[in-house]
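Enquirer: Residue numbers (this note's numbering), protein chains in the order written: chain Z, 1 to 309; chain D, 1001 to 1315.
In case anyone wonders, no lab produced these hints; they're calculated from the structure. A quick note: this is a predicted structure, and the numbers were derived from the prediction, not measured. Glycine is no exception: its CB is placed at the ideal position from the N, C-alpha and C atoms. Among the hints, erroneous ones may be present.
Stated by the list, open to error - Chain D regions said to be covered by chain Z (calculated; three or more residues, Cβ under 8 Å): (1) 1107-1119; (2) 1140-1153; (3) 1240-1248; (4) 1291-1302.
Said to hold, decoys possible - Calculated cross-link-like contacts (lysine to any residue; reagent style SDA-like; alpha-carbon spacing at most 20 Å): (5) D/1174 - Z/152; (6) Z/88 - D/1238; (7) Z/10 - Z/129; (8) D/1067 - D/1174; (9) Z/88 - D/1174; (10) D/1174 - Z/67; (11) D/1207 - Z/88; (12) Z/88 - D/1149; (13) Z/88 - D/1145; (14) Z/88 - D/1141; (15) D/1207 - Z/123; (16) D/1207 - Z/129; (17) D/1174 - Z/39; (18) Z/88 - Z/43; (19) Z/88 - D/1148; (20) D/1139 - D/1193; (21) Z/88 - D/1175; (22) D/1207 - D/1238; (23) D/1207 - Z/45; (24) D/1174 - Z/44; (25) Z/88 - Z/188; (26) D/1174 - Z/264; (27) Z/88 - D/1067; (28) D/1207 - Z/167; (29) Z/88 - D/1159; (30) Z/88 - D/1143; (31) D/1139 - Z/129; (32) D/1174 - Z/43; (33) D/1174 - Z/45; (34) Z/41 - D/1197; (35) D/1174 - Z/129; (36) D/1207 - Z/51.
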Amino acid sequence: MVDCRDAYSKALEEMAATDERIVAVVNDSLGSAKMKGFAAKYPGRFINVGIAEQNMVGVCAGLANGGKIPYACGAACFLTARAMEQIKIDLGYSNYNVRLVGVSSGMAYGQLGPTHHSIEDVGWLRIIPNMTIIVPADSIETQAMMRYSAVHEGPMFLRISRVPVPDLLPAGAKFELGKAVRLREGNDITLMANGILVYPALKAAEVLQRSGISARVLNMSSVKPIDREAIVDAARSTGGIVTAEEHSIYGGLGGAVAEIVAQTHPAKMRILGVPGVFAPTGSAEFLLEHFGLTADGIRSAAVQLLESR
Amino acid sequence: MGALIAVHIYALGSVHVYTGTNSSHQRLYDDQRDKMMTPSSTIDVTRLEKQATRTRIRSLQMVHRAKLGHPGGDFSAADILAALYGAVLRVDPSDCRDPMRDRFIMSKGHCSGALYATLAEAGFLTDADLDTYMAPLSKLNGHPDRNRIPGVEANTGPLGHGLPIAVGCALAAKMTGASWRTFVLVGDGELQEGSNWEAGMCAAQYKLDNLVLIIDRNGLQQGDSTERTICMEPLAERWRAFGWDVHEIDGHDMQALVDSFQTAPFTSGKPSCVLARTTKGKGVSFMENSPSWHHRVPTEDELRKAIVELEGGRN
């Protein structure tokens, strides 16, 4: 099991060694953003703006104006919500090459509560023109996504969890923006997930197979742009889609998929996530279980969907 | 007020000593700029004042035509913009994205009328462009768009965005040891946005003496005076307490404006703040210090009277 924060910070340090334009910006929390190594290796390219996210995002836009490629690394909840207008205007509308690395996203902070959960970020940022959103599934995809981010034009939101996950992708796998990664073939139903929910989706598919249900599994790490073709094909050839994400059921991956399915090839869907509530007290693991964001929760949603057809 | 000023211009490439070393590109750029900016080794204050007057007239015509705009703030900022584009900024309309250009960020983006008229004076826009101000599909939106307007560095409009961006620009220059400078113009009411103070602390922490904050201190915001709304004084002391070196000047004194912008940094290792005391609606008797002119559109008659007053030599 790996912590994707280690993968992103390792990748950033490696990239900085060969690309002088790369700058890291943090809002006080070097430790939770896993930036201590970068700060020690590249003190001249490390900016700590203190606890000031609005300034942080504006500063990143200015750094990009000055030819740098800034990575704003901080807890996803504060980075996105506190600086939303700066993200909309200074990054989206101005179209600056800034990377927002939202760490400890979703409900990773568990017992610290809804103040520290970030289950709205994909929905908020998905509406903003020019914004690219990636939610990697494991450490391999996290590193591949980071390498891709250095050449991307325009602002990006890279959403990193702190909940340990197993590596699923083959070592050295390349990241392709806007492409769903088909992890398992299947014809009866499609399970779409991203981030820490990809592994449970795969486990669910294995269990479903034992009941004779063949489930396709797509890793939807690229939420924006999203793989329209893969979604239409899933709706057409499997007839039902279950989405699973560590996010609100509103505005995230499920919403993005539904927008396409409804307008192209209407098919039944189940959208799994946090159902429009502030989470109760509990660890990340407890809360994932509580909201059915588990292999069994995904399996059960798939069975219900198939039974309702 | 018609005095000639030249001394600081020629020194532009050398007075600012930053950390790191200049690239050869930067040195070439500095040499080229110095030659460009000092053809006769003199800058005529009267010329800049006339430019500011044209900016006021043109921006008011634009507001009148568009039936929208913010003429009061356009007028308080006109002299500051003329000083910057006429005698200070090293920018080149034929190479708008030159990495070594000085950066200017118009944080009070609602005063786009004055900005666009100034950009036309500086060769970034044509006079014909100005006639499209806020017209359907025009590149001249009510607030500036860097992706459509040459010479614009940041899309501003929501207040409190410009200074953080300017801090980032200044940090980028420091990191590479480049000698280009960053200027940002904010309104005084705008400083009620907390992001400015976050950025102010950051600029002092990183010793950004390549950054100049200009405050258009006209004393009025949309609804009322700043002091009756949320008291800003003692404004200079507040910025000093945040680690900035502050020069208070008459924001309509062209010589003082050019001198301040050229001599910054006032203290090595500190960001510079020019607190420019201005008059909203400056130059037109019935517009001056009247909150209603924050975003009022002149009638045909008011436009004519305003132009007469402005051309009559009131400054």
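Enquirer: The structure should be examined with respect to each hint, and the outcome stated for every one.
Expert: Hints and how they fare:
Coverage of a stretch by a chain is defined here by at least three residues with a beta carbon nearer than 8 Å to that chain's beta carbons; for the segment 1107-1119 of chain D and chain Z the count is 0, and the condition is violated. Counting residues of the segment 1140-1153 of chain D whose CB falls under 8 Å from any CB of chain Z gives 4; the rule of at least 3 is met. With 0 residues bearing a CB less than 8 Å from a CB of chain Z, the segment 1240-1248 of chain D misses the requirement of three and the coverage assertion fails. Figure legend: the segment 1291-1302 of chain D, annotated as covered by chain Z; annotation inconsistent (0 residues with Cβ-Cβ distances under 8 Å, at least 3 required).
The hinted pair formed by residue 1174 of chain D and residue 152 of chain Z fails the criterion: a straight-line CA distance of about 25 Å is larger than 20 Å. A C-alpha spacing of about 30 Å is found between residue 88 of chain Z and residue 1238 of chain D, which places the hinted pair above 20 Å, so the restraint is violated. For the hint pairing residue 10 of chain Z with residue 129 of chain Z, the CA-to-CA distance comes to about 30 Å; that exceeds 20 Å, so the pair is violated. Between the alpha carbons of residue 1067 of chain D and residue 1174 of chain D the distance comes to roughly 43 Å, so the proposed pair goes past 20 Å and is violated.
Taking the CA atoms of residue 88 of chain Z and residue 1174 of chain D, the gap is about 27 Å. The hint is violated against a cut of 20 Å. Using a Cα cut-off of 20 Å, the hinted pair residue 1174 of chain D and residue 67 of chain Z holds, with the two alpha carbons roughly 12 Å apart. For the suggested pair residue 1207 of chain D and residue 88 of chain Z, the alpha carbons sit about 29 Å apart, so the restraint of at most 20 Å is broken. Distance restraint check for residue 88 of chain Z and residue 1149 of chain D: the Cα-Cα separation of roughly 19 Å lies within the 20 Å cut-off, and the hinted pair is therefore satisfied.
For the given pair, residue 88 of chain Z sits about 13 Å from residue 1145 of chain D by alpha-carbon distance, which is consistent with the 20 Å threshold. For the given pair, residue 88 of chain Z sits about 17 Å from residue 1141 of chain D by alpha-carbon distance, which is consistent with the 20 Å threshold. Distance restraint check for residue 1207 of chain D and residue 123 of chain Z: the Cα-Cα separation of roughly 38 Å exceeds the 20 Å cut-off, and the hinted pair is therefore not satisfied. Between residue 1207 of chain D and residue 129 of chain Z the alpha-carbon distance is near 35 Å, which puts this suggested pair outside the 20 Å criterion.
With a CA separation close to 17 Å, the supplied pair residue 1174 of chain D and residue 39 of chain Z stays within the 20 Å bound. The suggested pairing of residue 88 of chain Z with residue 43 of chain Z is violated, with an alpha-carbon distance near 29 Å, which exceeds 20 Å. At most 20 Å may separate the alpha-carbon atoms for a hinted pair to count; residue 88 of chain Z and residue 1148 of chain D meet this at roughly 17 Å. Restraint check: the Cα-Cα separation between residue 1139 of chain D and residue 1193 of chain D comes to about 28 Å, which exceeds 20 Å; the hinted pair is violated.
For the suggested pair residue 88 of chain Z and residue 1175 of chain D, the alpha carbons sit about 26 Å apart, so the restraint of at most 20 Å is broken. Of the supplied pair hints, the one linking residue 1207 of chain D and residue 1238 of chain D holds, its CA atoms being roughly 17 Å apart against a limit of 20 Å. A threshold of 20 Å between alpha carbons decides the hint, and for residue 1207 of chain D with residue 45 of chain Z the separation of about 15 Å falls inside it, so the pair holds. A threshold of 20 Å between alpha carbons decides the hint, and for residue 1174 of chain D with residue 44 of chain Z the separation of about 9 Å falls inside it, so the pair holds.
A distance of roughly 40 Å separates the Cα atoms of residue 88 of chain Z and residue 188 of chain Z; the hinted pair therefore is violated under the 20 Å criterion. The straight-line distance between the Cα atoms of residue 1174 of chain D and residue 264 of chain Z is roughly 52 Å, outside the 20 Å bound, and the hint therefore fails. The suggested pairing of residue 88 of chain Z with residue 1067 of chain D is violated, with an alpha-carbon distance near 27 Å, which exceeds 20 Å. Restraint check: the Cα-Cα separation between residue 1207 of chain D and residue 167 of chain Z comes to about 44 Å, which exceeds 20 Å; the hinted pair is violated.
Among the hinted pairs, residue 88 of chain Z with residue 1159 of chain D is consistent with the structure: their alpha-carbon atoms are about 13 Å apart, no more than 20 Å. This hinted pair checks out: residue 88 of chain Z and residue 1143 of chain D have alpha carbons roughly 15 Å apart, not beyond 20 Å. Of the pairs offered as hints, the one joining residue 1139 of chain D and residue 129 of chain Z holds, with about 18 Å between alpha carbons and a cut-off of 20 Å not exceeded. A threshold of 20 Å between alpha carbons decides the hint, and for residue 1174 of chain D with residue 43 of chain Z the separation of about 13 Å falls inside it, so the pair holds.
Proximity of residue 1174 of chain D to residue 45 of chain Z is assessed by CA-CA distance (about 10 Å); at most 20 Å being required, the pair is judged to hold. Between residue 41 of chain Z and residue 1197 of chain D the alpha-carbon distance is near 30 Å, which puts this suggested pair outside the 20 Å criterion. Between the alpha carbons of residue 1174 of chain D and residue 129 of chain Z the distance comes to roughly 31 Å, so the proposed pair goes past 20 Å and is violated. Note on residue 1207 of chain D and residue 51 of chain Z: the hinted pairing holds, with a Cα-Cα distance of about 18 Å set against a maximum of 20 Å.
Hint compliance for this structure: hints 1, 3, 4, 5, 6, 7, 8, 9, 11, 15, 16, 18, 20, 21, 25, 26, 27, 28, 34 and 35 are broken, all remaining hints hold.
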